[in-house]
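Chemist: Those protein sequences? They're chains F and A, same order as listed.
So the first sequence is numbered by the numbering used here: it starts at 7 and just counts up by one.
So the second sequence is numbered by the numbering used here: it starts at 7 and just counts up by one.
Just so you know, the hints here were simulated from the structure itself, not pulled from any lab data.
Do not rely on the hints blindly, as some may be mistaken.
Identical copies look the same in the list; a pair holds intra-copy or inter-copy alike.
As the list claims (entries may be wrong) - Listed next, the in silico DSSO-like pairs over lysine-lysine satisfying Cα-Cα at most 27 Å (straight line):
hint : residue 1 : residue 2
1    : Lys96     : Lys70
2    : Lys157    : Lys16
3    : Lys82     : Lys130
4    : Lys157    : Lys17
5    : Lys49     : Lys96
6    : Lys116    : Lys102
Computed from a prediction, not measured in an experiment: that's the story for all the values here.
There are 2 protein chains.
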Amino acid sequence: MRINLICFGKKNDPFIEDLYLQYLKRLKHYTNFNSEFIQVKTKGNSEEDQLFNEYQKVIQIVPKESVLVLLDEGGKQFTSVEFSSFLQSKFNTGAKSIYFIIGSSYGFHKELYHQANDKISLSKMTFTHQMCRIFFVEQLYRALTILKGEKYHH
Amino acid sequence: MRINLICFGKKNDPFIEDLYLQYLKRLKHYTNFNSEFIQVKTKGNSEEDQLFNEYQKVIQIVPKESVLVLLDEGGKQFTSVEFSSFLQSKFNTGAKSIYFIIGSSYGFHKELYHQANDKISLSKMTFTHQMCRIFFVEQLYRALTILKGEKYHH
Chain F
7 MRINLICFGK
17 KNDPFIEDLY
27 LQYLKRLKHY
37 TNFNSEFIQV
47 KTKGNSEEDQ
57 LFNEYQKVIQ
67 IVPKESVLVL
77 LDEGGKQFTS
87 VEFSSFLQSK
97 FNTGAKSIYF
107 IIGSSYGFHK
117 ELYHQANDKI
127 SLSKMTFTHQ
137 MCRIFFVEQL
147 YRALTILKGE
157 KYHH
Chain A
7 MRINLICFGK
17 KNDPFIEDLY
27 LQYLKRLKHY
37 TNFNSEFIQV
47 KTKGNSEEDQ
57 LFNEYQKVIQ
67 IVPKESVLVL
77 LDEGGKQFTS
87 VEFSSFLQSK
97 FNTGAKSIYF
107 IIGSSYGFHK
117 ELYHQANDKI
127 SLSKMTFTHQ
137 MCRIFFVEQL
147 YRALTILKGE
157 KYHH
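Work the whole structure out from these sequences, hints included.
Modeler: Shown next, in the form of structure tokens:
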């Protein structure tokens with residue numbers, strides 16, 4: 007199963023980018039992982055317009071038969087072991103790809119909430135979307151080592 | 007109030023260290039922040055011995071009249087705004103220093119749980135202690151900008 011991470015905005019912190027690339031290197035040994043940024047014009051747009059534009063970009067990218075998971079403050083909280091079970095259950099569906107999406111500062115368009123298969127919260131605390139990317143790849147890496155019965159997660 | 011972060015183990019990831027230093031630079035404009043690593047012999051020691059040795063190092067470092075807060079999976083979860091209010095309430099006590107402690111993989115010695123003023127959980131998920139340091143300084147920075155009414159937290 008191909009695992010994808012979509013994020014809005016742009017890469018603007020070289021230190022986070024360096025760390026992120028380290029996790030991408032590690033993930034290569036475990037899974038087919040792909041991450042991308044979506045840029046949407048924000049200047050002069052209302053919150054509703056921005057969310058709608060983001061929604062439209064997402065549905066252009068995500069194939070209909072994929073699993074769609076929003077990383078959202080109001081989502082379900084997992085322990086790392088629970089998150090690995092969650093991933094396994096998605097692998098078991100036989101779907102070809104899963105897309106995790108980190109929302110912009112306004113969250114997600116209501117249609118995206120409606121279409122999503124699941125909502126996950128990494129923490130009650132708010133982080134920059136850049137920091138969310140780091141959290142996510144570390145947890146993804148951890149989950150895959152848990153599923154393989156490896157030592158990384160203690 | 008001096009804010010301190012104590013972590014067990016050692017700095018072993020140069021990419022995390024680089025990112026951490028970026029937050030330290032930012033924090034300098036807001037607070038008197040200090041972070042340190044405690045190293046305790048682990049080889050050949052039982053879990054109980056290790057926790058006890060860590061406990062002893064902590065009480066050597068932390069002055070008795072300080073506020074002591076454990077970053078612990080079983081702790082209270084805050085939103086970022088709640089965390090900033092928590093910090094403000096500690097500032098209001100007039101204590102000279104507050105110590106946040108990131109536990110080792112075994113958690114904390116029972117005496118440390120007993121002596122701690124508070125327990126905070128950053129996430130239900132498990133992160134490496136290195137990653138916890140990044141989370142913590144980003145949230146500390148965010149909390150201080152919230153208390154100053156600045157724009158960083160949206």
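Chemist: List in ascending order the numbers of the hints, as given earlier, that are violated by the structure.
Modeler: Number 5 only.
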